[in-house]
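2 protein chains.
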Amino acid sequence: MQWRELPAIYLEDPGSPVQRSSYLIELHTDDGGSYDVVSDASSPAARECCAQQSSARHNWEMNYQEAAIYLQEGENNDKFFTHPKNAKALAAYLFAHNHLFYLMELSTALLLLLLSLCEAPAVPMLRLGIFVHATLELFALIVVVFELSMKMRWLGFQTFIRHKRTMVKTCVLLVQFIEAIVVLVRQTSHVRITRALRCIFLVDCRYCGAVRRNLRQIFQSLPPFIDILLLLLFFMVIFAILGFYLFSPNHSDPYFNTLENSLVNLFVLLTTSNFPDVMMPSYARNPWSCVFFIVYLSIELYFIMNLLLAVVFDTFNDIEKRKFKSLLLHKRTAIQHAYRLLVTKQRPSGISFKHFEGLLRFYKPRMCARERYLTFKALNQSNTPLVSLKDFYNFYEVVGLKWKAKRNREHWFDDLPRTAFLIFKGINILVKSRVFQYTMYTVVAVNGIWILVETFMLQGGNFFSRNVPWSYIVFLTIYGVELLLKTTGLGPVEYLSSGWNLFDFSVTLFAFLGLMALAFNMEPFYFIVVLRPLQLLRLFKLKKRYRNVLDTMFELFPRMASLGLTLLIFYYCFAIVGMEFFAGVVYPNCCNTSTVADSYRWVNHTVGNKTVVEEGYYYLNNFDNILNSFVTLFELTVVNDWYIIMEGVTSQTTHWSRLYFMIFYIVTMVVMTIIVAFILDAFVFRMNYTRKNQDSEEDNGIVLEKEISKEEVIGIIELYKRTSAATETAQLQKIVLQMDKYGQMSTVFLGRRSRTKSDLSMKMYEEEIQEWYEEHSRKEESQTPVQEPASAASSSLKPLSLRQRSQTVI
Amino acid sequence: MQWRELPAIYLEDPGSPVQRSSYLIELHTDDGGSYDVVSDASSPAARECCAQQSSARHNWEMNYQEAAIYLQEGENNDKFFTHPKNAKALAAYLFAHNHLFYLMELSTALLLLLLSLCEAPAVPMLRLGIFVHATLELFALIVVVFELSMKMRWLGFQTFIRHKRTMVKTCVLLVQFIEAIVVLVRQTSHVRITRALRCIFLVDCRYCGAVRRNLRQIFQSLPPFIDILLLLLFFMVIFAILGFYLFSPNHSDPYFNTLENSLVNLFVLLTTSNFPDVMMPSYARNPWSCVFFIVYLSIELYFIMNLLLAVVFDTFNDIEKRKFKSLLLHKRTAIQHAYRLLVTKQRPSGISFKHFEGLLRFYKPRMCARERYLTFKALNQSNTPLVSLKDFYNFYEVVGLKWKAKRNREHWFDDLPRTAFLIFKGINILVKSRVFQYTMYTVVAVNGIWILVETFMLQGGNFFSRNVPWSYIVFLTIYGVELLLKTTGLGPVEYLSSGWNLFDFSVTLFAFLGLMALAFNMEPFYFIVVLRPLQLLRLFKLKKRYRNVLDTMFELFPRMASLGLTLLIFYYCFAIVGMEFFAGVVYPNCCNTSTVADSYRWVNHTVGNKTVVEEGYYYLNNFDNILNSFVTLFELTVVNDWYIIMEGVTSQTTHWSRLYFMIFYIVTMVVMTIIVAFILDAFVFRMNYTRKNQDSEEDNGIVLEKEISKEEVIGIIELYKRTSAATETAQLQKIVLQMDKYGQMSTVFLGRRSRTKSDLSMKMYEEEIQEWYEEHSRKEESQTPVQEPASAASSSLKPLSLRQRSQTVI
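Respectively, the protein sequence lines represent chains S and E.
When you line the first sequence up against UniProt numbering, it's residues 1 to 810, in that order.
When you line the second sequence up against UniProt numbering, it's residues 1 to 810, in that order.
Quick caveat, the hints were computed from the structure, so don't treat them as lab data.
All C-beta atoms, glycine included, are put in the ideal place defined by N, C-alpha and C.
Keep in mind that the hints are not guaranteed to be accurate.
[Said to hold, decoys possible] Derived list of chain E stretches under chain S, where covered just means 3 residues or more per stretch with a C-beta under 8 Å from a C-beta of chain S:
(1) 263-275
(2) 545-558
(3) 739-752
[What the hints assert, rightly or not] Taking lysine to any residue and the SDA-like style, the derived pairs with C-alpha atoms no more than 25 Å apart in a straight line are:
(4) S:544 with E:305
(5) E:543 with S:315
(6) S:541 with S:427
(7) E:763 with E:400
(8) E:325 with S:77
(9) E:692 with E:766
(10) E:544 with S:319
(11) S:364 with S:95
(12) E:741 with E:762
(13) S:544 with E:229
(14) E:692 with S:329
(15) E:541 with S:166
(16) S:541 with E:222
(17) S:406 with S:446
(18) E:541 with S:329
(19) E:323 with S:225
(20) E:763 with S:329
(21) S:692 with E:317
(22) E:757 with E:550
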């Protein structure tokens, strides 16, 4: 009701900003103190003064921009002390904060990393001349220099120097630069283990924020981890001494003949990698010696290793919660800053749509006019035309919603003629029926068993006969019919909006492509045929637990990917070091004098009239180029039989090489433990959440509903017309036309977005969050935030309560 | 204040019980309805009636006993439907519920289990004739029959039949009986895999309650576990088909040549046991085939296996909490039952000391009079001489306390003459000083490094030279002096009351014994010398986290032991099955045609003039007797290289043997996952607890303080005199004498016990517990408990509120 009468009021709001943008402060003081002349533009006198009005508009634009920057900083968890402090810095900030720049950052970093494919020891196919790759490297480094100079311009020298990550990057850059020039001059590569540091360029990328967070989390989990690790190593030393005393008198036992061997073998035993073997010589002599190994494994493997997981899991939990809290409060502060820049002197109690729209123009340039208005309306909980600070706190939750007009029609075929409608309605009912679904499940199950039996019948040989098997065609037809029925019954849009249907669709498509490949005899695509069993995955829709697990899996995927990337970064460092030290060290028959000779043997001998090749294959696990190194490192991560690789390399180099392998094991143990802790935490959290919210469990996303009346739309059109924004006006006109067509006075829009971990956390910690807020605002009231530098921008960072008190004075 | 005046009142309380024991009800109805004659004994008329009074006393004794039984049932989590229902049942109950009977149960069960050491295939040294071991078995089984008949007598036939565990036990007993007789008659052992069921006799023992709980928890965790397991197996099948199609064209790849091989090898790969090997042939042909293995391992090992842990952990958490809740409510009900049997008609608001003392005489016969009174006083929170129901609810927490008079002296040497006092005081201050402690830590660290260096210098040979190394003597002297100083400074009692000091003491003692062994050249004790590095464990006192970890470890120890025992029970079952099928199957050079021939090879060939023995040793991992089987099963649990054992056995039997190994793997995976979940849960719980109670973290036990005045003691003596309990009177007299000696009017007593998991849970779930109680009492009010059978005992199970209302009517 009240909305209808208000549009005129809240759409035009030419009041000057209460708080001028900090850039403006600088600009105006530069201009010689014209700071106070910007008077209230809504007074008649001011309206006449055209120049002043444009200046006020300019001020507003600056305010919008700064507010948008604050909100971005809040979202990206950038600290406010890196907030651009003047117009020059702002320009640099804007230059350095767009996707083009980010992409440049990323591609330079990737280029630098990929160079190791071509540098000696290179992957054979990708080998480049020293001149070529050194030049490429220099080029990439120069780009990094450019990026850093932009950053310096934006941050200012003082802040730049205080920013640790940037300083480390600068140092690494310097070292790399010198080394690249040395390589270019000497025309030969020296031992460049510093190449391992190239990762920092990737880590520093804007797009790799998640990786940075992971690394921080890993480092934060380290202290308790190291404590328990020491306990582990301590017991290892005690047992090594004990084992040495007990088993070294047995001369047929090569595992404990020196203290060093004893230590190394117990370290390997910790990974169980040499287990029954290490016990066997002593066990053969005295059966009771197995007690030593059982006790060792029980203490080290089954107790302390699990303790390690428990400690990391606990720390992880704690860190996750603290991180969530600090991020939440950071966002809140950002919102407060932005809010202060958007309220006017006349109406200090909230933000009008005009200013909100101005903010969104900078914050999300791609958003259309309708969405801006809907976002504003979704935020506004009160009946006034202003968004109060309390409402504005929901900014981040609301701004991500995608808005769509709510369909009036239930099905896509509602508008069709009667007969067609009935047919489609029938299909719709059929498709949605339980019988249909369970029939399909049965078909899939039968298909699965069929494939299994079929494969079991084949015994090697050429599987891909020219004739397409008839079972393939039958099942594919059934799936095709199902797909057709579902698409027509539900409508293509609704059909494809479900992830499961999308999966069905793509698997059926693949199967069809496979059929084509078979029919037209396109050999390279045969592998598609092999993917048929994936159909069976559909069966997991049947049980709620699987749906839950798979949903959680998809929710976790981004985080998992970033953890994987973090692991890859560690791999890269170790691969570079490994290549520098161990390239070309391992080859067939290299280690015939070592204890693991068998695994490296390659013998080509003739038995009768046949050539028998006896291959140990382990020489393939080498550090000869970066791809091989990655595979070798993966094998070391899996841990089984890693000591064969270690001993092979050790026998060809010094026994200090073991240090490399042991350190790698410990590092991967840390990362893997974190990954396990993460999966544990995520699933336990999710299950707790499901248990807590039994009812709302079905909807998998955030949905908001808002109604807009025609009058409101027309009001906004008026507003846009005044600012002569043609595209926006046209967009909105379309809505009015649509409404006219259906004779409606209002349209309902639905805002949707998928649920994030943050949403879940919000709900889980609901009660605690209120406490945090109170504590936070209490702290703010009692003192000015610490992170804030004493610069021009500081005025905009003043606590809100103080600010509002001062307004009454002005 | 009030206490002083009251003794006379609350010590004598000859009132008749409000609620007669249910056995009495039966007795009296047997006597022909004399049920109602027991009138109020405190009326003058009744006092004259001596016969009636003794009958009242008899009634009270019965009530005490039944209340004690209720409390025992509450403590042991015995369901109330097994409560003895009449005097005959009571006799059987009492017979079957004492440590002698429990020990008999346990030893019979152990005897039955240990028989498998002597039955064919027996451990060579322990082999017994068939006649001997079959007779032994029959004897043990007859004892079990006797136990079961006692149980039947106590439970009654109806309840006996409804009790599942007992019924299963009976069936197993029957089968075992028949088989034992068959063996005895045929004089030869047949395939007796039913011997695996002997475990049930152990599981059913009273002392193995923890194992039963573990098993229940494992079975409760199974459904979600199996769900995820299916997901795991499903992906395995898909990848097996895929692997078969991709790699079987490669003829040098033995791992994927048939679908069965493909499946088995992917199953083994899940345990990483064959990892780089299974990849090598295909990797050698095409480097990109590693992607298949990396994807498989990432999905199966790093994702789904962790998911398994997450699901089990979550279920485990949930079950733990529910278990704690039900146990808590069960105890509460037990207390209510007991309470109702102890209040009198005259004073329905509480239990007087006389009755409480009567209860404790049955509940804890070993408790002395002083402790009974202190327990009563600790329970009594009000100023009245009666313990109300609300106070009585704390029964279980208080009854476990050990009471000791609080020392008035601070140090043990306070009574010594001035000079001696000053000396000891000086030692005391020295011993407690930080400098002393850190000096000792330094000494220990130096000792540790010394040992390490010393051992490193030795390179095999005879370590135990006749000369005792001087370093040993030096360090031992330092430890000896430390021990002496600490004992004298703190007093022996205080010194040994700390676990850490106890540890120091025993390690030093061991070192001394080692020295003796060296000095007097007693070879078999040399191993003690090797234990010296254990001294280093003292260093872990330095850091709070280690103290925490070790404390938690000790708290967890009983639970860990019971989990270990559970695992052993599974081992036993599998060992029996393994022995029946695979005994004698594996021997040196047995598997020369299989793929794992090398590991079983035993060649004795001559190179030059030296005999070189090439041993594969794996033939030692066999099922030839139960001890060997256990070691083999442990090796299978550790998982590394388990496929060598599997393939060895498979090559000698059928390929169905693999099923045995695979099932064993899955079973140990379940148990191990539960163990990991348990450790995780316990530590995370403990750490959360520590975080929540930062302040009270130092005291590691429950302590309660109570003061007793002389008058009170004299009052109790009076009471005991009347019941002519001489020992109790003498005990109490001693306290009075002590008080007189020191001229005190009262003494303070300290009650102490160690903290249990239940105490921690109580504090953690503080808020929820109140809710549970309310919910529980609401449920009780609305309905009579379901578990209660419609027998004579039912009257005593009526909800309290109803009972108290009916009292006003009487």
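Consistency of the hints with the structure:
no.	hint	in the structure
1	263-275	holds (count 4)
2	545-558	holds (count 4)
3	739-752	violated (count 0)
4	S:544 with E:305	holds (19 Å)
5	E:543 with S:315	holds (17 Å)
6	S:541 with S:427	holds (22 Å)
7	E:763 with E:400	holds (18 Å)
8	E:325 with S:77	violated (43 Å)
9	E:692 with E:766	holds (12 Å)
10	E:544 with S:319	holds (20 Å)
11	S:364 with S:95	holds (16 Å)
12	E:741 with E:762	violated (42 Å)
13	S:544 with E:229	holds (15 Å)
14	E:692 with S:329	holds (23 Å)
15	E:541 with S:166	violated (41 Å)
16	S:541 with E:222	holds (21 Å)
17	S:406 with S:446	violated (41 Å)
18	E:541 with S:329	violated (39 Å)
19	E:323 with S:225	violated (32 Å)
20	E:763 with S:329	violated (31 Å)
21	S:692 with E:317	holds (15 Å)
22	E:757 with E:550	holds (15 Å)
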